[in-house]
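Please build the complete structure, drawing on both the sequences and the hints.
Below, each chain spelled out in residue letters.
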Amino acid sequence: MTARAPAAAEAVAVELANASRWYGNVVAVNDISFRLSGGVTGLLGPNGAGKSTILHMVAGFLAPSSGNVTVGGSPSWRQPEMYRRIGLVPEREAVYPFLTGREFAAANARLQGMAPSAAAEAAARAIGLVELEDAADRPIGTYSKGMRQRAKVAAALVHDPPILLLDEPFNGMDPRQRLHMMDLLRGMAAQGRTILFSSHILEEVERLAERVLVIVAGRLAASGDFREIRRLMTDRPHTFTLRSSDDRALASALMAVPTIAGAALDGGLLTVRSTDFGAFSRAVSGIARRHAISLHELLPTDESLESVFSYLVRR
Amino acid sequence: MNAVIASITLRQLLSRRRTLLLLLLGGVMVLVAVIFRLAGEQARAIHFTAGLLSNLGIGTLMPLVALLFGTGAIGAEIEDGTAVFLLAKPISRRTIVLTKLAVAAGCSAALTCGPMLLAGLIAAGGLGDGLVIALVGAAVIGSVLYCAVFVALSLITGRALIFGLAYVLIWEGLLAGLFAGTRTFSIRQVTLAFAHAMGNIPKETVDVPVDLTTALVVGAVVLVGATLLAIRRLGAFEISGETA
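Those protein sequences? They're chains A and B, same order as listed.
The first sequence maps to residues 18 to 332 in the numbering used here.
The second sequence maps to residues 88 to 331 in the numbering used here.
Just so you know, the hints here were simulated from the structure itself, not pulled from any lab data.
Being a predicted model, the structure only gives us computed values, none of them experimental.
Please note that a few of the clues may not be correct.
[As the list claims (entries may be wrong)] Across the chosen pairs, the derived CB separations fall in these ranges:
| hint | chain 1 | residue 1 | chain 2 | residue 2 | range |
| --- | --- | --- | --- | --- | --- |
| 1 | B | S94 | A | T159 | 39 to 47 angstroms |
| 2 | A | S161 | B | M88 | 34 to 42 angstroms |
| 3 | B | S94 | A | R142 | 46 to 54 angstroms |
[What the hints assert, rightly or not] Going by beta-carbon spacing under 8 angstroms, a handful of chain B positions derived as facing chain A:
| hint | residue |
| --- | --- |
| 4 | I95 |
| 5 | G168 |
| 6 | T169 |
[Said to hold, decoys possible] Sample of chain B residues facing chain A (criterion: CB under 8 angstroms; computed from the structure):
| hint | residue |
| --- | --- |
| 7 | D167 |
| 8 | F172 |
| 9 | L173 |
| 10 | A175 |
| 11 | P177 |
| 12 | I178 |
| 13 | R181 |
| 14 | L315 |
| 15 | I318 |
| 16 | G322 |
| 17 | E325 |
Cβ atoms here follow ideal geometry from the backbone N, Cα and C, with glycine treated the same way.
Written as structure tokens, this is what we have:
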């Protein structure tokens, strides 16, 4: 892959301006605006949040119901020429099972308009980038899920596009392949490419993305620097359920702690809300010991990604 | 035409199982011709060959082969998601549709006309005074027309195979036999009209329900209309995303 000029990083590569998309009465994406230039951006959100719809709109496979979606300044919808600038890794697994990995990458290069010899070279380079050389001459039908995923990435890279769109790209990859793919994407972003990938896994986004767009229920819940969003996620009030030898005494002891926002006894279960996850986790056992209360169970109740995202939406 | 799309489509359509199944269907017609030949009824050869090629060839084999290839050319890729790899390329939708249609029509014509020609040559003991060539030639045109319709159908509905089968069995097989007016919109009848125009086919064995001018007009309208519709549908093709 060739290094790109720094100027390429400054230009707006992808822009959504008040873009919405609905199917009948169901709103999939609701009034979303953002601009992307060089670097890695993670599209984070629970399953069904609207991430794929956004990626499909950017990739020109869905027309926005309202608003605008542009790539390189031109509307993405019905613009086949745009695909010279885009590499797309779709979420669906299916790849032509009768083609080998090398044939698949070369076919994608030919479809980008390359001559057969140039396509073969580009395919070999892309296959090398995703470390698929050993299986390159086997039919894709014999590949594991992770290998198919890498074949799709190789096909998206053959024409060295300045914009890469990846829908759940790490699905099926083992940890080593995942790390390698992250390094590859990071390196490409450092060369000025614009990379937008979707994931519902916080850790993937945390490790790769410089910027994050958090999508919840079709809305842009948060966007910006990942560390800032991570802090918001960590500092939100947390709810725990506890079982102990004396729930009532434990509740009144915990209410004296400044970071406890509330406690309730309901059906023999003590529920406590804390504004500081770490401080509560560290303090609770000491408090129980000081009051001679045996702690039987302590469970955080709202650690699912959905609850984290819901909190961000409510803010 | 795009050579890469053509090559991928060809490999996709000519999967071992599908090709074997269609060859078996064609083989049945050849087998019937062999049995007739062995029975030694030479006096009825022309009538028998005309009936065999028009009923089993044009009436059954041609629509079924075209249905499988026509609906499979693009429809199968849309269904399994591989269409994205073709559509996310700087290639016009017209080129994609025309290439897919050409490959599907070529495969259909080959797997329809090959067995028809062989069966015709065996049953008639030769070209049958131009009868075999006329029916096989008309089947080439019929295969193209059917494929145009079925390719378009696969871009309109995800149940193209069912609707296509319903058209062949109910509209062409049942209604066209009951109501003369419906025959104008039957590709099978249009194909038989072309066959009559191309060669000397006994009218008492193979009916002539549509005149040549009507067949030419209907054929042109079906081919151009279905192709334009397919290009339009693929141009507006959307991948449905998830809903919140």
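Checked hints:
no.	hint	result
1	S94(B) / T159(A): 39 to 47 angstroms	violated, 20 angstroms
2	S161(A) / M88(B): 34 to 42 angstroms	holds, 35 angstroms
3	S94(B) / R142(A): 46 to 54 angstroms	violated, 22 angstroms
4	I95	holds, 6 angstroms
5	G168	holds, 4 angstroms
6	T169	holds, 5 angstroms
7	D167	holds, 4 angstroms
8	F172	holds, 7 angstroms
9	L173	holds, 7 angstroms
10	A175	holds, 5 angstroms
11	P177	holds, 5 angstroms
12	I178	holds, 6 angstroms
13	R181	violated, 10 angstroms
14	L315	violated, 16 angstroms
15	I318	violated, 12 angstroms
16	G322	holds, 6 angstroms
17	E325	holds, 5 angstroms
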